[in-house]
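One line per chain: the protein sequences are X and L, in this order. Its first residue numbered 1, the first sequence is counted upward by one per residue in this note's numbering. Its first residue numbered 1, the second sequence is counted upward by one per residue in this note's numbering.
Rather than coming from a laboratory, the hints here were simulated on the basis of the structure. Treat the numbers as computed from the prediction; the structure is a model and nothing was measured. Careful: at least some of the hints might be erroneous.
Part of the chain X face toward chain L, derived, beta carbon under 8 angstroms [what the hints assert, rightly or not]:
1) Pro28
2) Ala52
3) Tyr55
4) Ala120
5) Leu123
6) Leu130
7) Arg174
8) Gly178
Restraint-style ranges between C-beta atoms, simulated for each label pair [stated by the list, open to error]:
9) Arg56(X) to Ser106(L): 27 to 35 angstroms
10) Glu20(X) to Thr184(L): 38 to 46 angstroms
11) Ile5(L) to Leu93(X): 21 to 29 angstroms
12) Leu60(X) to Thr269(L): 37 to 45 angstroms
13) Asp21(L) to Pro63(X): 28 to 36 angstroms
14) Glu6(L) to Arg56(X): 30 to 38 angstroms
15) Val311(L) to Glu20(X): 50 to 58 angstroms
16) His89(X) to Ala298(L): 46 to 54 angstroms
All C-beta atoms, glycine included, are put in the ideal place defined by N, C-alpha and C.
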Amino acid sequence: MKGERPTAGEGRIVDPADFEAAFQQHFPPVYRFIARRVGTAIAEDLAAETFATAYRRRALFEPGRGSLRSWLYGIAVNLVRNHWRAERHLLALDARLVPEIDLPDDSDAVDQRLTAAFLAPRLAAALGLLTSDQREVLLLYAWAELSHAEIAAALQIAPGTVRSRLSRTRALLRGQLGDFDFDLWTFDEPETRPGRRRAGL
Amino acid sequence: VTDEIEVLRLFRDEMPGPSTDAWARARLAIAAARSEEEPAGRRRSRGPRGRRLLSLGVVVAVAAAVGGLLAVLLPTSPVAMAPGGAGARQARETAYVVSRVRQALSWSAQHNLVGYARTVYPHGAVLRLGASSMSIQAAGASSSRTVGSVAEWWYQGTGKTSAFTAAGQRVLEVANIAGRGEATVVAVNYRDATWWRATIQATPSAAPVPRRCGGPGVDIGAGGWPVFIRYELSCGGYTADGRQRIDGISAIKITQREGLVALWVNPATYLPVRVVTNGLQRIQADFRWLSPTPAYLARLRVPIPPGFRQVRPPS
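Please build the complete structure, drawing on both the sequences and the hints.
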């Protein structure tokens with residue numbers, strides 16, 4: 001499985017000590033994944049409920065059928081699914097965000113972060129246009145950094161479905177981002193060029 | 001060469017990790033899940049044990065209420081029982097409320113608040129005073145040293161305790177003034193018109209409660225009521241039990257599963273409004289949380305009345 005270190009929690013987690021090790025390792029990334037999707041206020045509850053659910057079902061986790069983190073993200077995704085209104089609301093807010101960064105037009109000090117700040121509203125708008133199935137596959141890949149096989153295990157779909165859905169979704173996202181040049185990290189459109197404050201919506 | 005995935009990850013990386021509150025809430029949710037698994041037979045078996053311990057009537061807990069100075073003997077309960085049979089929703093609500101209360105009572109959260117507590121003791125509570133400790137035995141016998149209530153003020157490690165008879169007559173005032181590594185204690189005894197001063201080694205107010213969960217008594221510990229309540233809640237076995245009006249506030253009630261400790265908290269601040277322990281006898285404390293204005297800080301002083309005679313501190 002991609003990028004996953006073996007830990008005490010990677011075997012079965014029935015034993016409380018193993019569950020605790022799993023909790024320590026996986027709680028921060030799972031929390032951040034949820035918080036990025038539905039906001040911190042709801043994320044605290046959902047992340048807590050993810051691990052409470054995992055505790056209740058820990059006897060059902062079988063390492064041979066998938067990684068622990070894919071199993072945990074599967075629980076998290078199911079919980080987040082019930083809060084799709086919050087997620088859409090957050091994406092809608094992010095899409096209306098106006099970066100409060102004022103740089104001279106000729107500034108060369110435009111780094112990736114700054115560009116990302118200007119890109120964030122476009123990105124949020126694009127994510128908001130995806131279907132929930134597309135968004136789940138994309139974000140499990142991009143934010144949770146799960147492999148195709150892990151995403152398949154988390155969502156209980158075929159690996160081939162993950163591959164094709166991810167491919168289509170990425171193409172859609174690139175299309176939504178318009179004229180963004182991923183090599184130069186710039187927009188061709190003058191009104192979205194980094195370094196220029198937008199007037200608002 | 002970057003792509004839309006890298007951009008998405010930058011978007012994700014702006015999100016900070018879980019706060020202390022988020023960790024605490026998750027741990028409480030797991031604890032609630034664990035308690036749901038507990039066999040019903042095991043839960044039932046704890047009841048008689050708790051009642052047996054209570055029936056012993058052993059009142060042995062000692063608490064240093066202000067900066068390691070004051071001790072209060074409370075006839076409370078075996079605690080640390082997990083909520084059994086509570087629905088998942090109630091368990092989540094409880095976990096949330098408990099984590100917020102514990103956070104509100106943390107040392108850092110209280111740093112800029114003046115705390116006030118008025119504790120009412122049952123008839124016959126006896127006060128005992130030493131150079132570095134004061135204890136109140138709630139189930140005491142008839143004595144000339146009985147007290148009816150105690151008022152406590154505290155702010156950043158400095159505190160004052162005033163003891164009153166049931167009729168409201170002031171009998172004792174003790175101040176504990178925090179210093180570097182030591183504390184100055186000033187006590188005024190109104191019964192015999194004397195006062196004394198002593199220097200003792202300071203005890204950090206954030207020190208943990210020195211007793212385990214459960215047992216026939218509860219040690220309030222060096223941090224006083226705030227630390228006691230935080231510790232008590234960490235023992236588990238509490239349930240958010242609706243709202244009740246306390247001093248004009250629609251307070252959230254949190255009860256220990258055997259009903260031996262009840263806590264009411266302000267829903268806006270999650271700071272305690274009232275705590276009641278129902279051991280052999282009932283002890284009630286009411287709280288106020290105030291800004292450190294000069295008027296409130298003045299309440300921490302212990303004036304020595306004219307004509308009072310200085311004596312050696314009690315051994």
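Now the hints, each set against the structure:
1. Annotation: Pro28(X) was flagged as interfacial toward chain L, and the flag holds, the nearest CB pair being 5 angstroms apart, inside 8 angstroms.
2. Interface hint status for Ala52(X): upheld, as the beta-carbon distance to the closest one in chain L is roughly 4 angstroms, under 8 angstroms.
3. Residue-level restraint check for Tyr55(X) holds (minimum Cβ-Cβ distance to chain L is 4 angstroms; threshold 8 angstroms).
4. At about 6 angstroms, the closest approach between the beta carbon of Ala120(X) and any beta carbon in chain L falls short of 8 angstroms, and the interface hint on this residue holds.
5. The criterion of a C-beta within 8 angstroms of any C-beta in chain L is met by Leu123(X), whose closest approach is roughly 6 angstroms, and the hint holds.
6. Because the smallest distance between the Cβ of Leu130(X) and any Cβ of chain L comes to about 12 angstroms, over 8 angstroms, the interface hint for this residue is violated.
7. The interface hint given for Arg174(X) is met, as the beta carbon of that residue sits about 5 angstroms from the closest beta carbon of chain L, less than 8 angstroms.
8. The interface hint given for Gly178(X) is broken, as the beta carbon of that residue sits about 12 angstroms from the closest beta carbon of chain L, more than 8 angstroms.
9. At roughly 29 angstroms, the beta-carbon separation of Arg56(X) and Ser106(L) lies within the given 27 to 35 angstroms, and the hint holds.
10. At about 44 angstroms, the CB distance of Glu20(X) to Thr184(L) agrees with the hint of 38 to 46 angstroms.
11. Evaluation of the 21 to 29 angstroms hint for Ile5(L) and Leu93(X) yields a pass: the beta carbon distance comes to about 23 angstroms.
12. Our hint of 37 to 45 angstroms for Leu60(X) and Thr269(L) holds, since their Cβ atoms are close to 41 angstroms apart.
13. Taking the beta carbon of each, Asp21(L) and Pro63(X) are about 32 angstroms apart, inside 28 to 36 angstroms as hinted.
14. The given range of 30 to 38 angstroms is respected by Glu6(L) and Arg56(X), whose C-beta atoms sit roughly 37 angstroms from each other.
15. Our hint of 50 to 58 angstroms for Val311(L) and Glu20(X) holds, since their Cβ atoms are close to 55 angstroms apart.
16. The beta-carbon spacing between His89(X) and Ala298(L), approximately 49 angstroms, falls within the hinted interval of 46 to 54 angstroms.
Hint compliance for this structure: hints 6 and 8 are not met, and every other hint is.
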